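Participant: Single-letter residue listing:
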Amino acid sequence: MKVIKDISIPSIAFALARVPGSNRLLFGGSDFKVYDLDLSASKPEPKALGEHQSYVTGLAVSGKTAVSGGYDGRLIWWDLEARKQIRTIEAHTKWIRKVAISPDGKVVASTGDDMVCRLWDAADGKLLHQLRGHAEKTPHHYPSMLFVCEFSPDGRFVATADKVGHIAIWDTASGKQVKTLEAPGMYTWDPVQRKHSIGGIRSLAFSPDGKYLACGGIGKISNIDHLDGKARIEIFDWQKGEKIHEHADNKFKGLVEHLAFHPKGDWLLGGGGANDGFFLFFDLKSKKAIRQEKAAMHVRSFVLDEKAETLYAAGHGRIQIVDLKS
Amino acid sequence: MALNQRLCGSPLHAIDRRGFLGTAVAGAAAFAADMTQLNVLQHPVLAGELKKQQKRCILLWLAGGASQLETWDPKPGAPTGGPFRAIPTSVPGIHISELMPQMAKRMKHTCIIRSLNTRNGDHGGAAQLMMRGRRDEPNLKYPDLGAVLARELGRRDSQVPDYVSFYFATEGRGMSPGTAGFLGSRYAPMEMYTSMVPENIRRLDGINDLDHKQRAELRDLLSKQFADGRASSSLGSHNEAYQRVRGLMASEKLFDAAQEPQKIRDRYGPTLFGEQVMVARRLIEAGVPFVRVGRAWWDSHGENFETHQELVPELDHVMSALLDDLQERGLLDHTLVITLSEFGRTPQINPSLGRDHFATAWSATLSGCGVKGGSVYGKTDAKGQHVVEGEIGAAQLFATIYRALGINHQKNYYVGSRPVPLTEPGTKPIKAVLA
Amino acid sequence: MRFIRLIPSLVAILCGPSLVRANELLPRNLPLEQVIDHYVEERLKEEGIEPAPPAGDANFTRRLTLDLAGRIPTLEETQTFVASAKADKRIALVERLMNAPGFVRHQATEFDTMLMSGTRGSVRGYLLEALAQNRPWDLVYRDLMLPDENDPKRKAANEFLRQRVRDLDKLTAEVSSIFFGVNISCARCHDHPLVADWKQDHFFGMKSFFSRTYESGGKLAERETGLVKFKTTKGVERQARLMFLTGKVIETDTLKESPGSDTKKGKKTNAKSTPPPAPPKFSARAELVKLSLEPGQRDFFARSIVNRIWHRFFGYGLVMPLDQMHSENAPSHPELLDWLARDLVEHQYDVRRLIRGLVLSRAYARESRWDKGEAPRAAVFAVARVRPLTPMQLAMSLRLAVTDPQTLSASLKSEEFDKRLQALESSAGGLARRFDQPGDDFQVGVSEALLFSNGSEIEKDLLADGGDRLLGRLKQLKNREVAIDLAVRTILCRPSSDSERQLLADYLKQRADRPAEALRQMIWALLTSAEFRFNY
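Residue numbers (this note's numbering), protein chains in the order written: chain A, 1 to 326; chain B, 327 to 761; chain C, 762 to 1297.
Don't read these hints as lab results, they were simulated from the structure.
This structure is a prediction, so every number in the text was calculated from the model and none was measured.
Treat the hints with caution; some may be incorrect.
Stated by the list, open to error - Quick list of the computed label-pair ranges, beta carbon to beta carbon:
1) 751/B <-> 995/C: 10 to 20 Å
2) 1191/C <-> 576/B: 29 to 39 Å
3) 1195/C <-> 682/B: 36 to 46 Å
Idealized CB from N, CA, C, for every residue including glycine.
Just chain A, with the same shape it has in the complex (with noise of 0.2 Å):
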């Protein structure tokens, strides 16, 4: 893994997208900005397109729009070309985790601590469906969290993952729920020590072919006050409602922020970190991890290119291009 470029950003980027087929990166973070930030440039310097009214942490592109969500609970479409903002939409009543785009790229999906998942029509922004499902206060009587959509590969499923480690998946069609999986080992509570509780899952992937269903995060910590515990990543057979494989890193500790399947299926690779961060890269056939990296920062996120052969990744104050080939 070559670092090909290194690009310095004004702030914590939590959620980053690549427009298709181009040299074009968005980002958004700490500072409140979506970014447009021109790969193909000498010196590529982020473009500020706008600004949340927090933290940015959702951000999905499709075709010539962008959506981005944040803290303050809301989502706002961008045309790229006018590099203008469309519309904006009180989406949640709390903050924004996540956002995604199906591949068919007509539905938006947004996650909030409201615990609600909504669709969107992406066109027009209207309310397609509100999925709920996730339990609002953890089984300790604390809110909680829902951290992550997806869609799978044929756009027909949207899943959802939250603090407690409890996955839901829905007919993105008709907003009803068709599975839900458990992966209680991202969830971390704490009786004895400290009292409260820490993890979540961060990350889905679903795989190339849509039968399996990747989630990321941390395993059980014993010190709650640091990301002191295994990155781990758990995989379901979810139409069976199987877990198929339970993976706690012997090399790195921290959240699994991001999963991305290689588009043939060959690999899932895992970024993310604690204090520092890492790359996983997980073979499913082997269950085993084929390549574990340090990264130099905390991962918040990655994108890959179509082939899988570079990788983007964005976390403090950094932008990094990495060559996956070598």
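Once you have looked at the hints, place chains B and C on chain A.
Facilitator: Chains B and C only, in chain A's frame:
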């Protein structure tokens, strides 16, 4: 009348008549001590006065260091501000974190102090400092707030405990145990670590209630003869301790949350912290002068926002329930509710999205008795890195707390012949905070 | 009369405590107890105070056994003493107790408390060995201040420094307090507001002796050079010298800052494998030890230990508080303190000798009851003080009190007897941790009363039945009165009074349907009575 003679005869208890009936501060402790001579029941007016004047204190001890930026002193939009926004409160001009919507509606009771600079970012040392208002000296172990208030506000023959402390989490427990310091065991806290039933408060199965009572009376009678001709305050304290046992055993009910109507229990919510704060209200209502409820553990070196997103709404909810409850019972005017940690958290956000220890510019709050509710004292800069106005340390905070409770913060205790004032000489309470 | 009394005090104030008023003191070759009684009774006479009569035999046995052996006497020990008609029986009792192994164990506990309370460590292991040899107190002091980490016998003494090495202000203040009877910590920030003797120079002067000490790789070490600087209240920066409390300065060219100082607090260097750093050629600490024991300088040292031991046995020092031995806080009996200090120095700092003298005096042996109105102030020693038992005294005495006295009879060989005592001591250790070490004006906390009233360890352990227990024995006795008297004698170490027997008999009678229970409750009431809890 013999009253004056008995109370004012001793040079140690120089209280004048006005001081006795009024809210004179200096007489408070002597006052309590002399209750053994005065039969209060014969003077209902005085009994009523007594009850009204008895001040109490509940300390919500946010152990581990709660973030001021995610609670009382938000800096939304600053690079150090984090993702949570600020919301307006019922007091125009005062904003607090969006994580505290319920307290925002009730700001009128609370004074926020935003300008603490206590210079100690180590859990143990800082906890010692913030529980005592000062650091121990090599030859002098100071009593903490609870022990001082137990002495100043408590009664010698009290049938309820003087100082109760809840700390059920194990993290940080050893760093801030309650301590009576040079005031001695009499003022040591009843520490509740694992059970809502105080240790040794229940009669054992092997003895029936009548025997338990009469056994104690037998002990008293046998001890009486020994005390004849042997004046010693140590000796006296031994008998006093035993005389309080039956009353303390009866006070077990105070610790039982199930005694409260479900409606009230629901208000405080289903968490342990909520239950313990409700029990704290029961205790002070019954006359316990000081209760500390330790809510550990706020030390979010990683995932600061997730941790505060979990814990701050609980604080918001429970504190609101407490203030409402106290007010409805007419107790808020005589009860001081404090939120305090050993320090705050860094404006700087680390790679684990955590905040680290920070004692340079942080917050505490005082609500209720003797303070100017609906106010803010002190100011920090735009990023929350320094205090720019009204900087205070632990000493001034404590002086303010004592004054709010009607206690002279320069009053002297004596260790041997050395006078030890409650706060360092020259310490001034914050006038702007006091009602 | 009063005015003449004042003159020595005036002289003392003007000339400081180191003036030897040899011509004022009683001659050297008198027994200590005679000297003590002379001065104490002289004062009582001057003030027209008739002291309390001597404590009765049973009372005396109990007090002495608690003070010398750390426990109450057994039934037979008391009875034997009371019954004896020998004229010198008190002396014999003192000697017996001081020669028994329990004496060293108890003194080790007491000195350990004096030296180590407020730290998390203990030097009791070292003290057991040292006190068994009656090691002179100045050598004990030397062992603690300059521990030889290569000598297995003396190594354990290093805890004294190790527990304090990370906080040199604490070390300075505690050495001054414990060994010199002086609390100078106020003088760290300003000249002492109340005491003219102590200026900042004194605090930092003392600290200079310690500032070069540090810990490295788990071993104590000391640098060759060091310089303490401080700011006066006027903001002037000064450099401290190696100055002792008397003002005497050690001239040295080592007053410079050390290169590569690694005294960062809390910085632990890891290796247990690193050898201890070589001792410095010039050791400031060693200089302090030497200086503080020199003629003309050693008054602080000698007077402090005399005062502390006096305080332990009388419950009130000749100077109070113990760490306020300065010219504005005169001893209650200045000549007595001087005489005892001189005697100690001239007898190689023999603390056994001092203790023996104290307990043989009439002053020590008085009644603790005062029936004539308000008692005179403590400083005239007209009446014995009521003193709370220490945690170990209490725990050990509780264990003893519930043991069947027949198992500890005088017929036992002394080794066997001591073995049984040791067994009781080791089982008392856990219980002792439940109690607080009493300071002056000790206030019993309610948690202690609750522990005894409702604690299962008290019920199940202390009040358990069994072959070797008092309860078992009482249950066998058919005569209620005999049982009651046995209980009182065993637990309170004296015969029961008529009214007590009546009271207890009534109590037992009311519970004739549950006699074993009733006996347990009676034992409880005796164990938890004020009389048991205190040394009187």
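Participant: Would you pick out the hints that fail for this structure and give their numbers low to high?
Facilitator: none
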